[in-house]
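Engineer: Read off the chains here:
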Amino acid sequence: MALGKIKADTLEHSTAGSLDTQFVVQGSAKMWSNVQSDQSTQNDSLNVSSTSDEGTGASRRNLASAFANNPFSHAGLSVVQPNSAGLSKFTSVSSSAVETSVRNTSNSAHDKENSCIAIGDLA
Amino acid sequence: MSTILVNTLTGTSTAGSIVVTGEGNSTTTNLQQGLAKSWCNLNFSTAAIADSFNTASITDSATGRFVANFTSAMNNALYSSSGSSRFNLSASDISSRAVNHQPAAGSVKINSFTTTDGSLTDDQGVDSQFCGDLA
Chain A
3 MALGKIKADT
13 LEHSTAGSLD
23 TQFVVQGSAK
33 MWSNVQSDQS
43 TQNDSLNVSS
53 TSDEGTGASR
63 RNLASAFANN
73 PFSHAGLSVV
83 QPNSAGLSKF
93 TSVSSSAVET
103 SVRNTSNSAH
113 DKENSCIAIG
123 DLA
Chain B
861 MSTILVNTLT
871 GTSTAGSIVV
881 TGEGNSTTTN
891 LQQGLAKSWC
901 NLNFSTAAIA
911 DSFNTASITD
921 SATGRFVANF
931 TSAMNNALYS
941 SSGSSRFNLS
951 ASDISSRAVN
961 HQPAAGSVKI
971 NSFTTTDGSL
981 TDDQGVDSQF
991 CGDLA
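These protein sequences, in sequence, are chains A and B.
The opening residue of the first sequence carries number 3 in the numbering used here; numbering runs sequentially from there.
The opening residue of the second sequence carries number 861 in the numbering used here; numbering runs sequentially from there.
Isolated chain A (complex conformation) (with noise of 0.2 Å):
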């Protein structure tokens, strides 16, 4: 079947309403990474063509796709048990990587499994 392309301005459903598709382009999550306690392992992602262990706690992932412009809008949120709560802080360091960085509540470098969601237009 050959591949087809649709160009639309709307989609609108029978009864949940419409959407400017410029809110499924604009508002998609253009990256996502989910990565294991080593800061380096990835367990699942968009957008990401690799990943590196920066030192204790920190994470460097690196967007097969770049952003137009750095900085963009990001989350970041650290996955960990609540007895060790961490705290986390995600940077975008170029238009084409981000970094996270995770702290438990003495502040020192803690590593945790961790997620981070990125939001923003693409080159």
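Don't read these hints as lab results, they were simulated from the structure.
We treat Cβ as the ideally placed atom computed from N, Cα and C, and that holds for glycine.
Please note: incorrect hints may appear among the correct ones.
Partial selection, computed: residues in chain B whose CB lies under 10 Å from chain A [stated by the list, open to error]:
{"no.": "1", "residue": "Val866"}
{"no.": "2", "residue": "Asn867"}
{"no.": "3", "residue": "Ser873"}
{"no.": "4", "residue": "Gly894"}
{"no.": "5", "residue": "Ala907"}
{"no.": "6", "residue": "Ala908"}
{"no.": "7", "residue": "Ile909"}
{"no.": "8", "residue": "Ser912"}
{"no.": "9", "residue": "Ile918"}
{"no.": "10", "residue": "His961"}
{"no.": "11", "residue": "Ala965"}
{"no.": "12", "residue": "Gly966"}
{"no.": "13", "residue": "Thr976"}
{"no.": "14", "residue": "Gln989"}
Following the hints, put chain B in place on chain A, whose structure we already have.
Structural biologist: Just chain B, lined up with the frame of chain A:
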């Protein structure tokens, strides 16, 4: 202006994969992969869902911990999450509160804790978003 009247979008080559051209017109992204599959705004103090998507119910499982049950489950427990404090109901310093998640395929534990000692607390509202693969 053009409008597509449709209840379901399905890829032709792969049903669960539709490519969308990015804002800069030079790259593409995957529609299904980029959509948030669930989000919720919970008031931990009143045990209420203020607003949500793909959240069937919540269970108050402990102080500072709710389980949000998905209507449509995720494919595994390896999805990405983000979240933050919406408001602090009693403490004077909102920066002293944080959120984390413990994901499972059909549900997610949402933990609200103090940044000073990590103790769980019910005194805030919590926003959460989840991206990943649906089952």
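Engineer: Look at each hint and say if it fits the structure.
Structural biologist: Structure-based check of each hint:
1. For the restraint placing Val866 (chain B) at the interface with chain A, the shortest Cβ-Cβ distance is roughly 6 Å, inside the 10 Å limit, so the hint holds.
2. Look at Asn867 (chain B): its Cβ gets to within about 5 Å of chain A, closer than 10 Å, so that hint holds up.
3. With a cut of 10 Å, the hint placing Ser873 (chain B) at the interface with chain A holds, because the nearest CB-to-CB distance is about 6 Å.
4. Taking 10 Å as the C-beta contact cut-off toward chain A, the hint placing Gly894 (chain B) at the interface holds, the least distance being around 3 Å.
5. The interface hint given for Ala907 (chain B) is broken, as the beta carbon of that residue sits about 18 Å from the closest beta carbon of chain A, more than 10 Å.
6. Restraint check, Ala908 (chain B) versus chain A: the minimum CB separation of about 21 Å is more than 10 Å; hint violated.
7. Violation of the interface hint for Ile909 (chain B) is found here, the shortest Cβ-Cβ separation to chain A being roughly 19 Å, above the 10 Å cut-off.
8. With a least beta-carbon distance of about 15 Å to chain A, the hint placing Ser912 (chain B) at the interface is violated under the 10 Å criterion.
9. Against a cut-off of 10 Å between C-beta atoms, the interface hint on Ile918 (chain B) is violated, since the closest Cβ of chain A lies about 17 Å away.
10. Using the Cβ-Cβ criterion of 10 Å, the hint placing His961 (chain B) at the interface with chain A is satisfied: the shortest such distance is roughly 6 Å.
11. Below 10 Å, beta-carbon pairs count as interface contacts, and Ala965 (chain B) has none with chain A, the closest being about 12 Å; its hint is therefore violated.
12. At about 17 Å, the closest approach between the beta carbon of Gly966 (chain B) and any beta carbon in chain A exceeds 10 Å, and the interface hint on this residue is violated.
13. With its C-beta approaching chain A no nearer than about 6 Å, Thr976 (chain B) sits inside the 10 Å limit, and its interface hint holds.
14. Here the hint on Gln989 (chain B) is kept, as its CB sits about 6 Å from the closest CB of chain A, short of 10 Å.
Checked against the numbered hints given earlier, this structure breaks hints 5, 6, 7, 8, 9, 11 and 12; the rest are met.
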